[in-house]
Amino acid sequence: MKKDVLDITDLDETRLVELDNYIDKITGDPEEELIHVLHFAQQQFGYLPHNLQRYVAKRLDLPSATVNGVVTFYSLFSEEPRGKYTISVCMGTACFVKGADKVLERILELTGSEKGKMSEDGLFTVEDVRCIGACGLAPVLTINEKVYGNVGVEDVDDIIRQYKRSGRRED
Amino acid sequence: MKLIDKMITCSVNDIDVNVEKGSTILEAAQKAGVNIPTLCHLNLHELDAVNQSANCRVCVIEDEGSGRVLPACSQEVSEGMRIQTDSLKAVMARRTSLELLLSNHPRDCLTCVKNLDCELQNLSHEMNIKEIHYRGEKMNHPIDESSQAIIKDPNKCIMCRRCITMCNEVQTVGVLSPLERGFDVVAGTAFHLPLDQTSCTYCGQCVSVCPTAALAEIDATSAVWKALNDERKHTIVQVAPAVRVALGEEFGYDPGEISTGKVVSALKRLGFDTVFDTNFGADLTIVEEAKELSERIESGGTLPMLTSCCPAWVQFIEHQFPELLDVPSSCKSPQSMVGAMAKSYYAEQSGLSPADIEMVSIMPCVAKKSEAAREELSEEGYANVDQVLTTRELARMIKEAAIDFRSLPDKPFDRLLGESTGAAAIFGTTGGVIEATTRTAYEMLTGKEIGEVNFKDLRGIEGVREATIDLGERTLRVGIAHELGNARRLLEDIRDGKSDFDAIEIMACPGGCIGGGGQPYHHGDVSTLRRRAEALYRIDKDMPIRKSHENPLVKEAYEAYLGKPGSERAHRLLHTSYSAKERI
Ligand code: FES
Ligand code: FES
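Here the protein sequences come in this chain order: A and B.
The letter at position 165 of the first sequence is residue 165 when you use the working numbering, and the numbering goes up by one with no holes.
The letter at position 343 of the second sequence is residue 1343 when you use the working numbering, and the numbering goes up by one with no holes.
Please note that the accuracy of each hint is not assured.
Computed cross-link-like contacts, DSS-like style, restricted to lysine-lysine with a CA-CA straight-line distance of at most 27 angstroms [claimed, not checked]:
no., chain 1, residue 1, chain 2, residue 2
1, B, LYS1031, B, LYS1089
2, B, LYS1411, B, LYS1268
3, A, LYS58, B, LYS1581
4, B, LYS1031, B, LYS1021
5, B, LYS1233, B, LYS1411
6, A, LYS58, B, LYS1498
7, A, LYS115, A, LYS146
8, A, LYS164, A, LYS115
9, B, LYS1498, B, LYS1581
10, A, LYS102, B, LYS1138
11, A, LYS117, B, LYS1138
12, B, LYS1114, B, LYS1399
13, A, LYS115, B, LYS1138
14, A, LYS117, A, LYS102
15, B, LYS1130, B, LYS1114
Everything labelled a hint here was simulated from the structure, so no lab data went into it.
The following block holds chain B by itself, in its conformation from the complex (with noise of 0.2 angstroms):
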């Protein structure tokens, strides 16, 4: 077939643009350079997530031709089309459907989380709507805060079914579906089951991807204010790598901005009397983990082995793969580890009783709420962390605080798990974990210094990626998924008998810990993503250290107090352990 077959001429505005056949007027609108506001429409066709339910209309435009009003994220130009998205028809089309969706929604829009954030409230105010003309019946659901780490509020819900897209198409956890019909139609769990009877993982895409605030984090804002005011709490907080390269944005910075610094400030502002990094946790994962990659080459344990950090690919495998709980690593991630010891290690050190200590994580992740929960993450009845609050949750106490975030002096973390190598920071993007491991099980295994400690195939956007590293008489066989969907493609490899990896890294979220549910709201927007993780690779490269065993304070709390990677006591406190749960 000839090219030119397949273009079509149409206008938009009186604009003519050549577009491929099949193309939206959506996208011939884009190739035009018109806008046209979007509400229900999703297209992250990078990360294989693009919703096209088409139903909530606030994107309709006319077609000259037939003056007939159409929703243009899902109708195909045809040739010679005459597309007007200013006309008085469009115009007036757009606000009924926008009015429509307001008149059964909550106006209490002042004191919601999504408050300035809405997209909803954002294109209310961009189509100058300044009354509803129409009233009618309102939804009455209640609100499900059964979890530690999602609350959904139906009542918001105005039926995008983006969350629906998540859940099903790219995480598979298959959660949610469109329940009821008619009026009453909702994205619900099953039987209307509270989420925490359900095999959610928390992975919290849903959250970063609803409009509304349909789906939010549950807060733990007002419990974190509440230690920092207990003079008897010594609080602690520490910061995860994925965090410090997002909360700039919340702050009028560029995705990618890196403002560990900053961070740190500001939570001394707050009032944390310690500031520790996730990252030393990260550093110290990787020498658990690699010790114990090790040891199962060694020793023909179970192969591949699976990382283990990401708190909801712990939970989909859990439900999922009730089966297969032998492959995951079975360290503790970093966010448990620093818990770990901050109220062993660091409170012997300092005098201090885990009872007085308050353990807050900073988290680009909504699972990590979730994770704090377990009770196999505690010691003696104290949980490793306490308090997990997202990114967005950090910026709002910012905010709150009237702290000038921009003009804070750059503050370096505290001692004792503080420290951290190049290999920790990358851990927050997909491929960072299996990278930072191969540099240390490259040593552990080889006994020799690694030569290059870049490994440029392991890095990327794809959603399942493969390598083989070479380790001299025997070569590492390395997969990556991230987004559960490909998980579970890997999985079932595994399951079937198929795979021959050594090691498997899995993140949940879009682009790993970077894309998670707790960020700062991408508004569809790919290039965030990608931003970040470039700004991880930066702070990895710019680091003196690089390889996490080489990390000062690692080697001091295993000379002071854990004996050896993989001790009896490392495994007490630095170990976890899984169980199989129900698939609803």
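Only chain A is shown next, with the shape it has when bound in the complex (with noise of 0.2 angstroms):
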């Protein structure tokens, strides 16, 4: 069974006071606001597990499947923890015949991460993203808002290598 939708015991309690305090302040119809309450969590909370999704539609008195519904909408949205950065390798038709998915696998590899799971040490998060329109640079990867192009599996060890090192540093 899943786990237990009801308890937040888990939750910080010092944020679910400040989300309280966000979801005090609406004058406007709940169904409106979901998208700016979720994001407010999402800030807090770094993503949004099922029990906070739920104590967000008890809160505002909507049914939890409309707020999940709106939450697995989204792709700003994440159900799982998020690690510090975000690796989009773009599986479009351009980037794929030109080795994407071998880009992909050997990232994993690197990272020690499942695709859509954040790797045990909290740094990485990769996912495969549709076509980002930038064909002309394929195989195309982003990482939280940088953009690398023309990357090669041999340039990947590089590329997190650093990542890591600098991650590390900022801890």
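Using the hints, build the complex out of the two chains.
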């Protein structure tokens, strides 16, 4: 069975208070405010676990399914904890024929993570995305806001090493 | 504004029509007598249930002027528009839409519960689809059989969103929502939770409108066959009021054809030892409920009292208004009362032990399946009701046994729990329970005989209705709601202290049980519901006895077994309790 969505004991209390304050200030239609609330909640908690979604639903007096529908529709919301760096590997046709799948495979290997799941060191979340419109640079990947073009499997090691280093330094 | 400004002239397949501004192409075509196939579209506007998601694209037509292909169900007509529904372009576009849907749909039609009753299959036949030209990924979702009532197979979902409209807009239950995006979109529950972990009421209105078999009832036919073939079991069956005016539809009769006698016959042919009538239970419910209402009125108890025979409605209040659990009557539903009486009173009289009895009920409802599984509704470890079949499932069993329903002779129900009054018959339609209660409560409260038994104000199809009944010294304020969204409005008033009703009847389904989630599919035709309701009022009118407390077998049951209405034994057997549940 799934983790009980009714149990919120693992959610940080001070952050919940922040969220409550935010919700208390809402005057408009809860359904219209939902996206803003979720946005705020994600900022606070880093991601939107099920129990947090259900908490938001309860506070806004909305069905949990409605909330979950919004969360799973917009790619900016995440139900999983996110690493410090989000690596999005383009799997559009152009990138794919130029070996994007190999690139992705290597990245997963080096970061020690599963697609869409945060790496154990908390640094990376790796995902595949549809064509991002930079086919001329295929294969393409982005790390947070930064775009990397013409990435071959052989380039991956350097890139990841660099991020691992700066990621640790900042901690 | 002159009327003329509000009208638009257009043509459909070269037939000129005038329609109101704002009409859709589909409406214009209907006016011109031209049929356009639709799939996702569902318009039950009399019941405030309109699904206009416009995403199946099966209804597309060609606009001759622009040469564009447009969805008829959602596109408005414009002045001078020339619509072609049968041009090559329109026909091919429709085929493409349908083939794309079919390319991601399982092909197990032969063994699917909706075989020959599926709108997708039907369209495929009508559009002469012989080959599906698209091949692609297929959905692969787990099937949800967690509840006792509804099976959900998302792989058969075509994302028409009808269920979502029903669950959110009409019923305001909010259990189903579109989840995920792109290819992965599916109508699902929050966090993909199994249905039994949500606040689903099992009203089954999602099932009623699902065009495919993405939502259906959990099948109980095998379990019932097994009981029928078990020599050690004494099988008893009961039949709800709304079944007898709808089952015939499965055998080619018009909606509203009354087939009570044939239903009894069919059940005997299937091998049931005893055939009881849920209507007897309805009469018993009325007596207990009227007693409770009189007591609440006389002793200043909680008012309004809400009827409690609809299990979806009971689930709804438990999940959505847990603070109001003292308003529903504590009476069990007629189904559970018949079960409880069969396993005690009838068992005692016929020398049976409740362990030997398999109690089956035929219900217009899928929520009755989950009601039967409620722990509160059992007696010394024996469930009041063991198995529930919907009207549709009974039809399937009759067909399976190759019984020729139309030529069956009429047979009467069996004694002890088999006689009923007109008041019980109307239990199956919105307004009926409260009308029946009023007939009895009037006499209990005034000690006088009621003159007119027909309360026409209580009848009809509007979502919320009210009436005032003169009791001499005081008046009785009565409210009625069907569909849970309407019930929610009345409940909010009660919660906010704004309600001045004495009694309220609530039924979850549109039109009451006649429109239940287990009835033969109406495929969007609301007149079907109306005709079933009319039939129930006909049964009532033709009954020699029309007040529940005058039912001779009910009187006998009180004299021989229960004592007085509201007695201790009546309470133990015929009343129940409710508990607060989470809203998810
Ligand atoms: S019926 Fe018009 S788009 Fe589905
Ligand atoms: S609430 Fe789930 S079926 Fe109606």
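Give me the numbers of the hints this structure contradicts, sorted from smallest to largest.
Violated hints: none at all, because every hint is consistent with the structure.
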